[in-house]
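J.: Model the full structure from these sequences, guided by the hints.
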Amino acid sequence: MKDMKISAKNVQVYYGDTHAIKDVSVEIEDNTVTAFIGPSGCGKSTFLRCLNRMNDTIDICRVEGDILLDGEDIYDKRVDPVQLRAKVGMVFQKPNPFPKSIYDNIAYGPRIHGLARNKAELDEIVEKSLRRGAIWDEVKDRLHAPGTGLSGGQQQRLCIARAVATEPEVLLMDEPCSALDPIATAQVEELIDELRQSYSVVIVTHSMQQAARVSQKTAFFHLGNLVEYDDTTKIFTNPEDPRTESYITGRIG
Amino acid sequence: MSDASLQNGPEMGTPRAKSSLLELDQRTKKRNAAEARFRAYGIAAIAVGLVFLVVLISSIFFKGVGAFQQTFITLDVELLESKLDKTGERDIEKIKKVTTFGYNPLIENALKAAMEEAGVENPFAKGKDLRKMLSSGAAADLRDFVIANPDRIGDTVQFRLLASSRVDGYLKGRVTRESLARDKNLTPVHLDVVDQLKDAGVVAKSFNLGFITGADASESRPEQAGIGVSMLGSFYMMLVVLACALPIGVAASIYLEEFAPQNWITDLIEVNISNLAAVPSIVFGILGLAVFIQFAHLPQSAPLVGGLVLTLMTLPTIIISTRASLKSVPPSIREAALGIGASKMQTVFHHVLPLAMPGILTGTIIGLAQALGETAPLLLIGMVGYIASNYPGGLIEGFMSPNSAMPAQIYEWAKRADPAYYERAWGGIIILLVFLMTMNIIAIILRRRFERRW
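In order, the protein sequences belong to chains W and V. Residue numbers for the first sequence follow the working numbering, beginning at 5 and rising by one. Residue numbers for the second sequence follow the working numbering, beginning at 63 and rising by one.
Please keep in mind that the hints were generated in silico from the structure rather than gathered at the bench. Keep in mind that the hints are not guaranteed to be accurate.
What follows is a list of derived Cβ distance ranges for each label pair [what the hints assert, rightly or not]:
| id | chain 1 | residue 1 | chain 2 | residue 2 | range |
| --- | --- | --- | --- | --- | --- |
| 1 | V | A109 | W | Y18 | 54 to 64 Å |
| 2 | W | Y18 | V | I331 | 25 to 35 Å |
| 3 | W | G156 | V | R509 | 24 to 34 Å |
| 4 | W | G156 | V | E513 | 47 to 57 Å |
| 5 | V | L115 | W | D63 | 44 to 54 Å |
Ideal placement from N, C-alpha and C gives every residue a C-beta, glycine not left out.
T.: Written out as C-alpha cells, the structure is:
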C-alpha cells in the first residue's frame with residue numbers, strides 16, 4: 005500500500021451560482037500517475053486547479069470541503085498559496101514558456117524560492133531539471149536562446165522541466181498533450197512515466213488511450229460528480245458504473 | 063387527370079437550369095457591383111483625407127517658413143567713448159547708467175556711414191527717421207554687448223542688427239509701397255534706401271536662429287520675438303507631467319487590472335476613468351485654477367501648475383492605454399508564473415509588466431504629445447498672454463517662475479495685431495509639429511524595440 009499524498013473529502017466548488025464540483029472525495033497516492041477523465045465541462049480541470057489553489061485567482065470561485073496534502077489542510081487560513089504552489093507544481097494545456105531564454109525559464113522558480121546559493125548551483129539545477137524534462141540533449145547548446153523559439157513538444161517539455169525545477173512533491177498536468185502532435189505526445193507520456201518515480205502526478209486528459217497508457221489510477225468525472233475511481237485497468241476493463249462504461253465505449257461524452 | 067398531372071410535373075420539380083461558371087449570374091453581378099462601390103467609397107474617403115492633409119501641411123509650411131528667415135542690417139558701429147563712458151574709468155556701474163537711448167546716435171552715425179559708403183543719398187533730415195529701418199531692439203543689443211565687453215569702448219565693431227519688421231516684410235514681399243501709405247512706421251522713401259542698401263549687401267536676409275532660441279518680444283517688435291523661452295516652459299511642464307502622470311497612471315492601472323477585486327466599486331472607477339478622458343480640457347484648467355492656484359497658492363503662470371493640470375488631463379489616457387496593454391498580455395503567462403509559485407506581485411513585475419512595456423511607453427508618449435499641444439487649460443492658469451521675455455534663472459525658477467508654453471505662445475502671436483506676428487504663429491506651429499512628430503517617432507521606435515513575441 006502506497007502513501008496517500010493528497011486526500012480530498014467532500015469537496016464542493018461553486019462558480020457564482022453554478023455548482024461545478026459536487027461532493028468529490030478522492031485519495032491520491034504518492035509515486036503514482038492518477039488520471040482524471042470525463043467529458044468536457046465535467047469539472048475535472050476545476051478539481052485539478054483546486055489542488056494547488058489556482059482557483060483563488062478567480063474571484064467568483066468558492067471551494068468547500070477539505071483537501072489535505074500530507075495531512076495538512078491546504079485551504080487553512082494560515083496556508084499561503086504561494087508556498088503551496090511551490091510544493092504542488094502545475095503544467096498547463098498550452099505550452100506557456102516565458103518569453104525569456106531557456107535557461108531563465110528554468111532558473112526563474114529556483115531564483116524566487118531561493119533554492120540556489122550561487123551561479124554554479126543554479127546551473128546545476130537547470131541542467132538537472134532539463135534532464136528530468138528529457139529535453140537537455142536538444143537544448144544544451146542553446147540555453148540562452150529564447151524558450152518561445154522551440155517547437156510545441158519541446159516547449160511543453162520545457163514547461164515540465166520548469167515545473168520540476170522548484171522541487172515540487174506533486175505535479176498537476178492539465179491536458180498537457182492536447183496541443184501536441186503524436187510524436188511529441190509520446191515523448192511527454194514517456195516523461196510522465198519517468199516522473200512517477202519521484203512525484204505524485206495528476207493528469208487531466210481527454211484521451212482515454214492516454215489515460216490507459218500512462219496512469220495507474222483513473223477517476224471518471226461526470227457533470228461535477230466523481231462517478232468512479234479505481235485502478236486504471238479496472239476502469240477500462242470492468243467498470244462498475246454504467247455511465248463509466250458508456251463513456252469509455254464512446255456512447256456519451 | 064393523368065395528363066394534367068404530367069403537364070404539371072415539370073413545373074413542380076423543374077430541373078435546375080444549366081448554368082455556366084464562365085458567365086456571371088444576376089446575383090453575383092449585383093454583389094460584385096456593391097463591393098466595387100464600397101471600395102470606391104473607401105478610396106474616396108482616404109483621398110479626401112490625404113488632400114486635406116497635404117493642403118494643411120503645405121499651407122503651414124509656406125506660411126511659416128518665413129519666420130525662420132529674418133532681415134539683418136550689418137553695420138560697423140563706432141563705440142564712442144564720449145557717449146558711453148565720459149569719465150573713461152570703464153566703471154561698469156557708470157556704463158550701465160547709459161540707457162538704450164544713449165546708443166541711438168551711434169546707430170544713426172553707423173547707418174549714415176554705411177549709406178555713404180554704398181553711395182546712397184540720405185533723404186532724411188532727422189536721424190530718428192533713418193533709424194526706423196532698424197528694430198527698436200537694436201540699441202539694446204548694442205548696450206548688452208558694451209556691458210559684456212567694456213574694454214571694447216572706443217573700437218569700431220561690426221554688428222548684425224535686426225531690421226524693423228516693415229523692412230523685413232518688404233524683403234519677404236509682405237509689405238509694399240502701397241501698403242505703407244497709411245503706415246506711420248515707415249515711408250516708401252525708406253524702401254528706396256533699403257533697395258539700394260540691399261544691392262550693396264548691407265541689408266540681407268539670413269537664417270533666424272533668434273526665432274528658435276529667443277524670447278517673446280512686445281507687440282511693437284515682432285522681428286525680435288522667438289519661441290525659445292516658451293519652448294523651455296513646455297519642456298518643464300512635460301517634466302512635471304512625466305514625473306507625475308507616469309508613476310501614478312501605471313500604478314493605478316496595475317492595481318485596477320491585476321489586484322483589484324471585480325466589484326461595483328472598480329466598475330464605477332473604470333467608467334469614470336473613461337469619462338474623464340472625454341472631459342473638455344478647459345474643465346481641467348478651471349480645476350487647476352481652483353485647486354492649485356486659489357487653494358494651494360502655487361504661483362500663477364508657472365510651468366509647475368501647468369504641468370500638474372496637464373497631468374490630470376493625461377492620466378486617463380495613460381491609464382486606459384496601460385490597462386489595454388496589460389490586458390493584452392496572455393493569461394497563460396500569469397498562470398505559468400503563479401503555477402511555479404511566484405507571488406502576485408512577482409508575476410506582475412517579472413512577467414506581465416515587461417511584456418506590457420511597449421504599450422505603456424507608447425501610451426505615455428502619446429499622452430505627453432497630447433499634453434504638449436494643449437492650450438485651453440493654460441488659458442485659465444495664466445500661461446496664455448504672459449510675455450515670456452526672459453529665460454528662467456535656474457531649475458527651480460524654471461518650474462516656479464511665470465512662463466508660457468509653445469501652443470500658448472502660438473495662440474498669443476496669432477492674436478496680435480501686427481501682421482508680422484502672423485508669420486511667427488505659423489512658424490511656431492511648424493516647431494510644435496516637429497516636436498510632436500519626433501515624439502511619435504520615438505514612440506514607434508520604442509514599440510518596435512521592446513516588442514517581444516510569445
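J.: Is 47 to 57 Å a correct range for the gap between the Cβ atoms of G156 of chain W and E513 of chain V?
T.: The hinted range 47 to 57 Å is violated for G156 of chain W and E513 of chain V, with Cβ atoms some 22 Å apart.
J.: Between G156 of chain W and R509 of chain V, is the Cβ distance one that fits in 24 to 34 Å?
T.: holds (28 Å)
J.: Evaluate the given range 44 to 54 Å for the C-beta pair formed by L115 of chain V and D63 of chain W.
T.: holds (47 Å)
J.: Quick check: does the Cβ-Cβ distance between A109 of chain V and Y18 of chain W fall within 54 to 64 Å?
T.: holds (58 Å)
J.: Tell me if the beta carbons of Y18 of chain W and I331 of chain V are separated by a distance inside 25 to 35 Å.
T.: For I331 of chain V against Y18 of chain W, whose Cβ atoms are near 27 Å apart, the range 25 to 35 Å holds.
Violated hint for the displayed structure: number 4, the only one.
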